[in-house]
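Enquirer: Sequence:
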Amino acid sequence: MRVFSYNLLSSSLSSPSYFTTLLPENLLPTNRYSKIIGRLEEEVGSRSLICLQEVSRNWVGDLQVFFSQNEYDLITGLYGPKFNGYMGVCLAYPRDKYRLKNVWNENLADTEKWPKREKVERGVVGKVAGWPFQTLLNIFNLQKKRSNNEDAFDASKRRSNILITAQLEDIKTKDIFNVGTYHMPCAFRTPQVMTLHSELAVRRSQNLSEGKPFLLVGDWNFTPDSKTYEMVTTGALDKPDDTYPKREGVDWEVNIGEGVGSAYMTAFGKEPEYTNWARIKEEPEFKETLDYIFYSKNQWTVKSADEVEDAGGVCPNEKEGSDHLSIAAEMVIKK
1 MRVFSYNLLS
11 SSLSSPSYFT
21 TLLPENLLPT
31 NRYSKIIGRL
41 EEEVGSRSLI
51 CLQEVSRNWV
61 GDLQVFFSQN
71 EYDLITGLYG
81 PKFNGYMGVC
91 LAYPRDKYRL
101 KNVWNENLAD
111 TEKWPKREKV
121 ERGVVGKVAG
131 WPFQTLLNIF
141 NLQKKRSNNE
151 DAFDASKRRS
161 NILITAQLED
171 IKTKDIFNVG
181 TYHMPCAFRT
191 PQVMTLHSEL
201 AVRRSQNLSE
211 GKPFLLVGDW
221 NFTPDSKTYE
231 MVTTGALDKP
241 DDTYPKREGV
251 DWEVNIGEGV
261 GSAYMTAFGK
271 EPEYTNWARI
281 KEEPEFKETL
291 DYIFYSKNQW
301 TVKSADEVED
311 AGGVCPNEKE
321 GSDHLSIAAE
331 MVIKK
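Just so it is clear: in the sequence shown, position 270 is 270 by UniProt numbering, and no numbers are missing.
Because the hints were derived from the structure by calculation, they are not lab data. As the structure is a computational prediction, the values presented were derived from the model and not from experiment.
Simulated crosslink set (SDA-like; lysine to any residue; CA at most 20 Å straight-line):
id, residue 1, residue 2
1, Lys281, Asn317
2, Lys297, Ile176
3, Lys319, Leu13
4, Lys174, Thr301
5, Lys335, Ile176
6, Lys212, Ile171
7, Lys157, Trp104
8, Lys116, Arg159
9, Lys297, Thr233
10, Lys157, Glu248
11, Lys303, Ser46
12, Lys172, Arg2
13, Lys287, Val308
14, Lys101, Glu169
15, Lys113, Lys157
16, Lys239, Val254
17, Lys270, Ala311
18, Lys174, Leu100
19, Lys227, Arg203
20, Lys287, Ala187
21, Lys281, Glu318
22, Lys97, Arg2
23, Lys287, Val314
24, Lys113, Leu200
25, Lys334, Thr173
26, Lys270, Tyr229
27, Lys35, Phe66
28, Lys97, Lys334
29, Lys335, Gly261
30, Lys287, Glu318
31, Lys287, Leu22
32, Lys174, Pro213
33, Lys212, Thr173
34, Lys157, Phe188
35, Lys35, Lys319
36, Lys212, Asn298
37, Lys287, Ser226
38, Lys287, Glu273
39, Lys270, Thr223
40, Lys172, Arg99
Full structure from sequences and hints, please.
Expert: Structure below.
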């Protein structure tokens with residue numbers, strides 16, 4: 001089976017005031033959408049499993065029509081706020097190749113039992129004085145803003161990112177497997193949040209699969225040289241590391257066994273050079289790999305993976321409709 005992943009760059013996030021160094025015509029949502037559909041047409045022709053991220057509300061209706069016309073079912077999970085177009089993730093599968101057995105459309109954070117903070121009892125004076133003093137703090141903006149050291153557990157609990165997981169049956173082979181797609185919170189300033197959500201996404205996928213083969217695909221917002229990538233692919237993370245979630249009284253541990261495999265690492269012995277090439281305003285160019293096709297170890301053979309073609313420059317551009325490049329792999333379930 002062929003599995004394909006693509007972060008579309010929401011139609012609400014390509015403003016010329018944001019991508020100030022790029023040609024405005026390459027940022028127009030209509031122009032970008034045409035390029036994106038051209039890429040998707042190739043994949044529906046191959047009857048691929050298609051995982052999409054940053055799908056905006058403005059685009060999701062047109063995508064539903066597109067996939068329906070090509071005999072696909074589209075599962076949607078939009079969760080973002082207004083500024084990013086209420087964007088979310090989608091998963092599409094060809095009806096003539098797979099039969100849908102189950103779907104889990106979940107706010108990933110809601111699947112976890114997060115540790116509670118201990119309540120500190122205040123005395124009578126504290127209770128009486130607390131409200132007016134707090135009000136004064138609010139009025140004069142003297143409250144401390146959330147810093148880079150914000151508690152990772154509270155921050156992770158607040159995230160609304162959706163994990164879509166579909167259980168499918170291959171109509172021809174009768175193989176049953178799960179495929180999930182996720183867009184990792186972009187929390188570079190609080191890397192412990194990304195650690196918690198990455199571990200939780202893998203663990204949730206393992207639990208939902210109940211021992212069946214599974215794929216976990218998407219934009220993970222971490223690079224191959226990161227400790228989070230190492231944790232996801234090995235199941236291990238050193239406690240002294242800055243990315244390790246910490247709170248006094250909470251003994252958090254990685255609980256994903258040996259982790260998951262990466263299709264590109266298996267196919268080529270390395271991840272792509274980059275899957276995201278962007279430049280925001282006058283900041284330096286960002287050119288890194290953030291997108292991965294993960295799979296349950298010892299249950300899949302990676303037959304091949306697509307070479308990621310050169311984008312030709314910062315994206316979106318004349319060639320690419322998104323700031324991300326698509327990835328794809330041919331996967332076979334081991335017997």
